[in-house]
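Each chain, letter by letter, is given below.
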Amino acid sequence: MQRVPLHAGEGGGLRIKPPRFEYLAPTSLDDALGLLADHGEDAKVLAGGQSLVPLLNFRLVRPGFLIDLNEIPDLSYIRSENGRIAIGAMTRQRAVEMSDVVADRCPLLADAMPQIGHFQIRNRGTVGGSLAHADPAAELPAVVAALGGELVVRSRRGQRTLTPEQFFVAYLTTSVEPAELLVEVRLPAAPPRTGAAFVEVSRRHGDFALVGVAASVTLDEAGVCTGCAIALTGVGPTPVVARDAARGLIGVKPGDDVFVEAGRRAAAPLRPDGDLHASSEYRKHVAAVLTRRALARAVSRVGTR
Amino acid sequence: MKERQIRVVVNGRPYERTVEVRKTLADFLRDDLELTGTHLGCEHGVCGACTVIVDGAAVRSCLLFAAQMNGREIRTVESLANGDRLNPLQEAFWEHHGLQCGFCTPGFLMTLTQFLQDCPNPTEPQVREAIAGNLCRCTGYKNIVAAALAAADKMAAASLKTSR
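The listed protein sequences derive, respectively, from chains W and G.
Quick note: the first sequence uses numbering that gives the first Met the number 0, first residue 0, plus one each step.
Quick note: the second sequence uses numbering that gives the first Met the number 0, first residue 0, plus one each step.
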């Protein structure tokens, strides 16, 4: 009897899931940008692979070329400079989670990190990969949007610095061109007397959030709010910055009634899609509740750093 | 390139192989090296059964390509026991019935191997969070958590003994 190999079919390979591709492993950023200039239209960039490799295994993407960034050492760093922190695109999420610099200078990012996937995912997953994948329920896009970070993209022709509004276009879609690469994200360092919280509701620990809220609050010596930033994830095609809700905290001593009002204002304009896991109405309700909780937790953490 | 020559050290033993670039690390371990202790459940990063340790970090081997492993050091579940002698973590799984069908067990063992190294004296919630990325459809997790906590105690007692 003839033995039929498992997973035969296309390519005829024994037990191979991903489709055929040409694998390219540049060892410098210049080489990577050169390859993107030549093949960008038909290439996928491989960072940590925690979202791309499942898509390859399902054969939902069939790139002609896979450009692996894992052999480029100088895209992995966390730097504190000029009142901000700069993180290289290939920095592992676990490294950010464990970073003292991040814990000290960017408490919102530090609070969000452990909520990304599971630690085995964060061991491999990268900051740049998560941002460039732009999943509408991911944590990192909301953090960058809340803090008004900068996203640095580069091609052989030069460099662009994008705001989150410019970078995130739609579901799983960014404004990064085929020949461009996200190389760095910059976040402002938190001023003194800042507290931050990232809270989310998901079906199981480590799942993508049904709704998540990133909140950062700065108080003066008298406890009056001088700065507030709020962004939500899971409630639209891109992260939603709740400017009106955040503005409501400025100039007041925040307390429970202020948090409730901010939650109401944050949720009011939302029109989230419903799905199998949660209806639109439920997501909207949760957005209000989580905004209130995130603000309360952020304020409770002011001065504890 | 469609194929790549790699040198890896797996469970302390060096290998040199030419691999098709689209072959995952999990398939390389199982098919090329015949280390079938690493199990494949979902093959898209959800179930954790294929967890191995690469350069000290627990990762999903179904989400890595063997072609990316040149120069890396990999540990699989085969590295845990010494012949027929189970290591303290495996022993604890045995004693606390931390497995039934055993399909998910290699992934749990490798996840907990890194976790207990990083966090040798864990609380129960910490253990539960650590194994949240591994699915088990038999045990209800309770016995796995008990086994992990018992293993931590065993390992602490053993290191106390050797340090005396």
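Bear in mind the hints are in silico, worked out from the structure with no lab data behind them.
Any given hint might turn out to be false.
[Claimed, not checked] So these bits of chain G aren't anywhere near chain W, every CB distance computed over 12 Å:
{"no.": "1", "residue": "V8"}
{"no.": "2", "residue": "G11"}
{"no.": "3", "residue": "F64"}
{"no.": "4", "residue": "Q67"}
{"no.": "5", "residue": "E77"}
{"no.": "6", "residue": "L79"}
{"no.": "7", "residue": "T110"}
{"no.": "8", "residue": "Q113"}
{"no.": "9", "residue": "F114"}
{"no.": "10", "residue": "N120"}
{"no.": "11", "residue": "R127"}
{"no.": "12", "residue": "A145"}
{"no.": "13", "residue": "S158"}
[To be verified] Facing chain W, from chain G, some residues (calculated, C-beta under 8 Å):
{"no.": "14", "residue": "T23"}
{"no.": "15", "residue": "E33"}
{"no.": "16", "residue": "G36"}
{"no.": "17", "residue": "E42"}
{"no.": "18", "residue": "G47"}
{"no.": "19", "residue": "R59"}
{"no.": "20", "residue": "E72"}
{"no.": "21", "residue": "R74"}
{"no.": "22", "residue": "A129"}
All residues carry an ideal CB built from backbone N, CA and C; glycine is no exception.
Here is what the structure says about each hint:
no.: 1; hint: V8; verdict: holds (18 Å)
no.: 2; hint: G11; verdict: holds (21 Å)
no.: 3; hint: F64; verdict: violated (8 Å)
no.: 4; hint: Q67; verdict: violated (6 Å)
no.: 5; hint: E77; verdict: holds (19 Å)
no.: 6; hint: L79; verdict: holds (17 Å)
no.: 7; hint: T110; verdict: violated (6 Å)
no.: 8; hint: Q113; verdict: violated (8 Å)
no.: 9; hint: F114; verdict: violated (8 Å)
no.: 10; hint: N120; verdict: holds (17 Å)
no.: 11; hint: R127; verdict: violated (8 Å)
no.: 12; hint: A145; verdict: holds (19 Å)
no.: 13; hint: S158; verdict: holds (23 Å)
no.: 14; hint: T23; verdict: holds (7 Å)
no.: 15; hint: E33; verdict: violated (13 Å)
no.: 16; hint: G36; verdict: violated (16 Å)
no.: 17; hint: E42; verdict: holds (5 Å)
no.: 18; hint: G47; verdict: holds (7 Å)
no.: 19; hint: R59; verdict: holds (6 Å)
no.: 20; hint: E72; verdict: violated (14 Å)
no.: 21; hint: R74; verdict: violated (13 Å)
no.: 22; hint: A129; verdict: holds (7 Å)
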